[in-house]
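Chemist: Position one of the sequence shown corresponds to residue 0 (the numbering used here), numbered consecutively onward.
Worth flagging that the hints you see were computed from the coordinates, not collected in a lab.
Even glycine gets a Cβ: it sits at the ideal position worked out from N, Cα and C.
A hint or two may mislead.
So the derived label-pair ranges between C-beta atoms look like this [unchecked claim]: (1) 80 / 20: 13 to 23 Å; (2) 29 / 73: 30 to 40 Å; (3) 4 / 93: 16 to 26 Å.
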Amino acid sequence: MAKPLKVGLIGCGGISGAHMGGYQELWDKEFRLFDIVAAADVNISAAETRAQQAQEMQGGDLPKTYDTVDEMLDNHPEIECVDICTLHSEHHALAI
Numbered sequence: 000m001a002k003p004l005k006v007g008l009i010g011c012g013g014i015s016g017a018h019m020g021g022y023q024e025l026w027d028k029e030f031r032l033f034d035i036v037a038a039a040d041v042n043i044s045a046a047e048t049r050a051q052q053a054q055e056m057q058g059g060d061l062p063k064t065y066d067t068v069d070e071m072l073d074n075h076p077e078i079e080c081v082d083i084c085t086l087h088s089e090h091h092a093l094a095i
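All chains should be built: construct the whole structure from the sequences, respecting the hints.
Modeler: Structure below.
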């Protein structure tokens with residue numbers, strides 16, 4: 000089996016709930032090739048909610064939470080991809 004891809008969530012409001020539903024669906028179908036390790040949102044309680052959901056799904060350690068993307072990335076060099084769940088107008092700045 001392939002090594003799980005380390006994922007960081009950026010933006011933990013509205014659309015991130017749908018993304019978490021997608022992750023859950025994949026997990027339930029035994030497609031477990033990802034590990035959500037951290038979540039960042041300016042609203043730290045939103046990041047904490049998504050981290051809790053990820054832990055309930057994956058088991059293991061609670062993903063770490065941050066109120067800035069830079070802090071998340073600085074503290075998690077193992078992150079291999081990010082799931083950007085912010086407003087569309089913010090995607091380009093976060094992706095570059």
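Chemist: Indicate whether the distance between the beta carbons of residue 80 and residue 20 respects the range 13 to 23 Å.
Modeler: Given range 13 to 23 Å: holds, Cβ gap about 19 Å.
Chemist: Is the distance from the Cβ of residue 29 to the Cβ of residue 73 consistent with 30 to 40 Å?
Modeler: Between residue 29 and residue 73, where Cβ atoms are some 33 Å apart, the hint holds.
Chemist: Given a hint of 16 to 26 Å, does the C-beta separation of residue 4 and residue 93 actually sit inside it?
Modeler: For residue 4 and residue 93 the Cβ distance comes to about 18 Å; the hint holds.
In terms of the numbered hints stated before, the structure departs from none.
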